[in-house]
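As they're listed, the protein sequences go chains S and G.
Quick note on the working numbering: the first sequence kicks off at 1 and runs consecutively.
Quick note on the working numbering: the second sequence kicks off at 1 and runs consecutively.
Errors might be hidden in some of the hints.
Simulated pairs of lysine to any residue, SDA-like, Cα-Cα distance not exceeding 20 Å [unchecked claim]:
{"id": "1", "chain 1": "S", "residue 1": "K389", "chain 2": "G", "residue 2": "V9"}
{"id": "2", "chain 1": "S", "residue 1": "K389", "chain 2": "G", "residue 2": "A77"}
{"id": "3", "chain 1": "S", "residue 1": "K538", "chain 2": "S", "residue 2": "G555"}
{"id": "4", "chain 1": "S", "residue 1": "K70", "chain 2": "S", "residue 2": "Q487"}
{"id": "5", "chain 1": "S", "residue 1": "K389", "chain 2": "G", "residue 2": "P19"}
{"id": "6", "chain 1": "S", "residue 1": "K389", "chain 2": "G", "residue 2": "D13"}
{"id": "7", "chain 1": "S", "residue 1": "K389", "chain 2": "G", "residue 2": "Q186"}
{"id": "8", "chain 1": "S", "residue 1": "K70", "chain 2": "S", "residue 2": "R39"}
{"id": "9", "chain 1": "S", "residue 1": "K389", "chain 2": "G", "residue 2": "A222"}
{"id": "10", "chain 1": "S", "residue 1": "K538", "chain 2": "S", "residue 2": "S518"}
{"id": "11", "chain 1": "S", "residue 1": "K538", "chain 2": "S", "residue 2": "V454"}
{"id": "12", "chain 1": "S", "residue 1": "K389", "chain 2": "G", "residue 2": "A33"}
{"id": "13", "chain 1": "S", "residue 1": "K389", "chain 2": "G", "residue 2": "R18"}
{"id": "14", "chain 1": "S", "residue 1": "K538", "chain 2": "S", "residue 2": "V513"}
{"id": "15", "chain 1": "S", "residue 1": "K538", "chain 2": "S", "residue 2": "Q564"}
{"id": "16", "chain 1": "S", "residue 1": "K389", "chain 2": "G", "residue 2": "E5"}
{"id": "17", "chain 1": "S", "residue 1": "K389", "chain 2": "G", "residue 2": "A26"}
{"id": "18", "chain 1": "S", "residue 1": "K389", "chain 2": "G", "residue 2": "R15"}
{"id": "19", "chain 1": "S", "residue 1": "K389", "chain 2": "G", "residue 2": "L108"}
Stretch by stretch, here's where chain S covers chain G in the computed footprint (C-beta under 8 Å, at least three residues) [said to hold, decoys possible]:
{"id": "20", "stretch": "11-24"}
{"id": "21", "stretch": "112-124"}
Partial list, derived from the structure: chain S residues whose beta carbon lies under 7 Å from chain G [as the list claims (entries may be wrong)]:
{"id": "22", "residue": "L37"}
{"id": "23", "residue": "F352"}
{"id": "24", "residue": "S358"}
{"id": "25", "residue": "A371"}
{"id": "26", "residue": "L373"}
{"id": "27", "residue": "L375"}
{"id": "28", "residue": "L380"}
{"id": "29", "residue": "C401"}
{"id": "30", "residue": "A410"}
{"id": "31", "residue": "N413"}
{"id": "32", "residue": "F417"}
{"id": "33", "residue": "A451"}
{"id": "34", "residue": "S548"}
{"id": "35", "residue": "R550"}
It is worth saying that the hints were derived from the structure and are not from the lab.
All of these numbers come straight from a predicted model, not from anything done at the bench.
Heads up, the beta-carbon is just placed ideally off N, CA and C, and yes, glycines get one too.
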Amino acid sequence: MGPRRFLACSAPALCLLALSLLAPAAPPAPSAQEKSLVRCDALVGFNGTAREGRFAPVILSVENPGARMKARISLTVTWGSLRGVPPGWTITREAVLDAGSTRRFPFVIPLPRDVRALQAAVTSQGTEVGSLHAELRPLATASRIVAGISSDLSLDSISALGGSAGSLRVVYPRVDDLPQAWAGYDGVDAVIVHDTYFQQLRADQVDALERWVVTGGVLVFSGGAAAMQHEPAGLGRLLPVRITGLTQRSGIAVAVGGGSLRWMPGRLQLAESRLVQGTVLAADGDLPLMVRHRLGRGSVWFLAFDPTAGSAAAWDGSLSMWRNILDSDRVPALGAADLSVPMEDPWIAALFAASPASFPSVPAILVFIGAYLALLVPLLVGPPGRGMKARARLLLLVVVCVCAGLAGWAVFNRLLFHPGLQTIDAARVEARSGDGLAFVTEKTAAFSASARDVEVRLGSSDPVLEAAGWRARPDLPLSEPHLFLTQAGTRTLVRGIDVPRLAARLVVFQDVVRFDVSVRVRAAGSGLEASVSNGNGKPLRGCYILVSGRAYPLGDVAAGASVQRTFAASDGLANPPGTSARSAADGAMFQDADSRRAAIFKILDEGAGQGAGPTRLVGWMDGPALAISFAGARPTGNRPGLTLVSVEAQ
Amino acid sequence: MSVREGMHVYLSDSRMLRPCLYLAAALGLALLAVWPRGTLEAAVRTGQASDTFTVVAVCFLIALLYLGARFGAEDFAADPSVQLAELVTLTPVPLASLVAGRFAFGLLHTLVLLLLGAPFLVAAMAVGGVGLPQALLALAIIGAASLAARMCGLCALALVGTRRPARDILLFLAVTAPAAAAFFVQPAVSSFRAIAALTRGDGSLSLLSAGTDLAAAILLAACTLGVLSGARARARRRAPGAGEHE
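Throw the hints in and build the complete structure from the sequences for me.
Here you go:
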């Protein structure tokens, strides 16, 4: 073989050898994980400020420079001590991250006083492709927070108001960053809409604002030239007026509280408007200057002038006016419930005390034991050497034992006593006639004869789980529960609730729901005339109208029905049911109901000073009020939950 | 004693059957005594309710430990020692099959006894805070412990015969000492602790405890085989003409 032939024959082999030597030197192909690394960023609270002890909004931005992927986004908040709340909270959501896209995921998280950190993780196919760690402690503040929607920092003067918390901070969130869930505003006392910089709010953002007002928020629309942006921004349906144009005045009278007016001098540009709903507190002829519309527990204000512009900014009555509007430190909708040991919670205790659920009686077990022994005696004490054969005796013995076992299981594990999870459900629905929305607080105590983990399914992603409702008996060792919320579409699954044996967990949910009940009450001679319309799918039971401490029985109002009734003054019961001074005659109010209604009414309304309260309809609905279900649970004593409905009359 | 023989003896003789009735009556009384009398509200509010299931299961365990040991030692039989001694010394029956037969019948009889007490456990399940899996685990623990006690009784019978009180003292110590030692020194294999752990939803101890007791029963059966082999060998040496054959 000559050298040329040798080279010709061995050329392919030499090429392969050269390639194999070069191959390790070539850069490795990027792995799938490296290709799909995502970048995370989080915006906590409003511009990085959130009130401690409240819920706060979080916007997690996930940038995916790689290929399209299905991902699981999880957000974990941890805090230090238990103090009755779970020390951890994880919210998980499935999402598709398109190639080269950035998506924003809004969350609402609890922010306890000893909050520590927020951990975000993005996983795809079981691999973590992105994460974020943020210290939350520096972001939490004890100050009251007012959110100003404004293109400039023009509302800072309000921070001079302070409050019971000691100070007040004005923050300026971007329109894009406004929460999409009402609970995101939990840490905010008021939202002042000055201008949206010609940006439009999304429908869910407007809806969140409206629902938050129902829970007790204060929403203020300022006027002036910027008021022309309110309706185009999508806020028109929240405005108590319809803005028709602009006008000018030289000095106006402005309400500053206590029914008094103060003069605001100078040339002012005002928004011209027509009243749609609410009360005009100050006006210049037909021109509304200050309007307040009560919505649920909160209120929506409209100021025809721009408090940040011109002579209004320098007006010495400005702080008094804001004090009148913002009132005191807002009572939070969340976390305000008095949550002690679940079974000592007044709502639950009232229902549980009247619950028929009990252990099977001693006579029942006595009968069972007696019957079983009576069947065994002839089998076990038969005369020796006679009677049945051993095999037949064994067979009969097995049959008797199996039958007794089945009977014991059926009677003591199903018929007389249920070993599974049992729940007691009490709710309160608060609404104002015609609002179409109601604030619901639903408390459910879950208990079981055996230790178990509980899963709660929420029919909506909106209800806010009350973290503070997590306390078991103080003497029970807490297993440091960690809540896991999985949100899929509009549904949420809550896991991580452990119920120890013969102990209870109290779960509190709060939400704003559609609620269509209108109540009109007017004086008719010495009595009154009431008309109630129930546009809901559930009947209202045992209704009565409360006017100046007197109760006028109305009876049941069927779903979709309207009731009109005229009462004489003598029809009113002086001491409504539940009050300590309740007379024997007043017992008629509950003759068609049961003691549970009276007990819960007493607890809920005794302290509310019903005599001094507004005219309202009080009734009952079969619960639960929210779409909540506990997996495998059944109501205690086969009774549905009890929901108190309170509708303030027009 | 084969399984068929054992079944005939144990299910025909009223002396063997009567303890079963006493067992059921004792368990019924225990269940009645610890049945919760307060309201469910009070129990949940205070978290204090009698551990009905645990108490009944422990009573069942104690009763079956006692009965297992007595049945194993053939205390309820008409003339047990004669039977066992005759079988070992006078017949050529293989000792392994003798012990295996007694083990197998012991297992079957223990199952019958478990079945007898099971309705009480089932009735106590819901108020005791346990489910069916825990109840089955409790039966497994009790059954394994009872079988071990039964083999302990058989071993004591093989060792000491019917000499009382020596046999009873030996039997008492052989059953209680390991149970006490396990309870205080090695809780992981204690039957009592395993039963108590069931209401806390901890079933891991149960299988360990039952497995240990089953292993102990097999070990005791092997010991019994050794003792009986020794007894047969001694009997053969003492037998007239044994030396001539050699």
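Each hint tested on the structure:
1. Using a Cα cut-off of 20 Å, the hinted pair K389/S and V9/G holds, with the two alpha carbons roughly 11 Å apart.
2. The hinted pair formed by K389/S and A77/G meets the criterion: a straight-line CA distance of about 18 Å does not exceed 20 Å.
3. Using a Cα cut-off of 20 Å, the hinted pair K538/S and G555/S holds, with the two alpha carbons roughly 14 Å apart.
4. Among the hinted pairs, K70/S with Q487/S is consistent with the structure: their alpha-carbon atoms are about 15 Å apart, no more than 20 Å.
5. At roughly 19 Å between alpha-carbon atoms, K389/S and P19/G fall within 20 Å of each other, so this suggested pair holds.
6. Note on K389/S and D13/G: the hinted pairing holds, with a Cα-Cα distance of about 11 Å set against a maximum of 20 Å.
7. Between K389/S and Q186/G, the direct Cα distance comes to roughly 45 Å. Violation of the 20 Å bound is thereby established for this hinted pair.
8. Between K70/S and R39/S the CA atoms are separated by roughly 15 Å; this keeps the pair inside 20 Å, and the hint holds.
9. Straight-line distance between C-alpha atoms of K389/S and A222/G comes to about 33 Å, which puts the hinted pair past the 20 Å bound.
10. Under the criterion of a C-alpha separation no larger than 20 Å, the hint pairing K538/S with S518/S is consistent with the structure, at around 14 Å.
11. For the given pair, K538/S sits about 28 Å from V454/S by alpha-carbon distance, which is inconsistent with the 20 Å threshold.
12. About 36 Å separates the Cα atoms of K389/S and A33/G, which puts this hinted pair outside 20 Å; it is violated.
13. For the hint linking K389/S to R18/G, the alpha-carbon distance of about 16 Å falls within 20 Å, and the restraint holds.
14. Our distance criterion of 20 Å between C-alpha atoms is met by K538/S and V513/S, whose separation comes to about 14 Å.
15. Proximity of K538/S to Q564/S is assessed by CA-CA distance (about 18 Å); at most 20 Å being required, the pair is judged to hold.
16. With a C-alpha separation of about 13 Å, the suggested pair K389/S and E5/G falls inside the 20 Å cut-off, and the hint holds.
17. With a C-alpha separation of about 26 Å, the suggested pair K389/S and A26/G falls outside the 20 Å cut-off, and the hint is violated.
18. Proposed proximity of K389/S and R15/G is supported: the alpha carbons are some 16 Å apart, at most 20 Å.
19. With a C-alpha separation of about 17 Å, the suggested pair K389/S and L108/G falls inside the 20 Å cut-off, and the hint holds.
20. Coverage of the stretch 11-24 of chain G by chain S holds. Counting CB-CB distances below 8 Å, 10 residues qualify, and the rule asks for three or more.
21. Coverage of a stretch by a chain is defined here by at least three residues with a beta carbon nearer than 8 Å to that chain's beta carbons; for the stretch 112-124 of chain G and chain S the count is 9, and the condition holds.
22. Hint status for L37/S: violated, given a least beta-carbon distance of 41 Å to chain G, over 7 Å.
23. The interface hint given for F352/S holds, since its Cβ lies 5 Å from the closest Cβ of chain G, which is under the 7 Å cut-off.
24. Because the smallest distance between the Cβ of S358/S and any Cβ of chain G comes to about 5 Å, under 7 Å, the interface hint for this residue holds.
25. Of the supplied interface hints, the one on A371/S is violated, with its beta-carbon coming no nearer than about 10 Å to a beta-carbon of chain G, more than 7 Å.
26. Of the supplied interface hints, the one on L373/S holds, with its beta-carbon coming within about 6 Å of a beta-carbon of chain G, less than 7 Å.
27. The closest approach between the C-beta of L375/S and any C-beta of chain G is roughly 10 Å, which is over the 7 Å cut-off, so the hint fails.
28. Look at L380/S: its Cβ gets to within about 4 Å of chain G, closer than 7 Å, so that hint holds up.
29. Residue-level restraint check for C401/S holds (minimum Cβ-Cβ distance to chain G is 4 Å; threshold 7 Å).
30. The beta carbon of A410/S is not positioned within 7 Å of any beta carbon in chain G (closest approach about 10 Å), and the interface hint is therefore violated.
31. Hint on N413/S holds. Least Cβ distance to chain G is approximately 4 Å, under the 7 Å limit.
32. Taking 7 Å as the C-beta contact cut-off toward chain G, the hint placing F417/S at the interface holds, the least distance being around 5 Å.
33. Look at A451/S: its Cβ gets to within about 5 Å of chain G, closer than 7 Å, so that hint holds up.
34. The beta carbon of S548/S comes no nearer than 37 Å to any beta carbon in chain G, farther than 7 Å, and the hint placing it at the interface is violated.
35. Checking R550/S against chain G: minimum C-beta separation of about 35 Å lies over 7 Å; hint violated.
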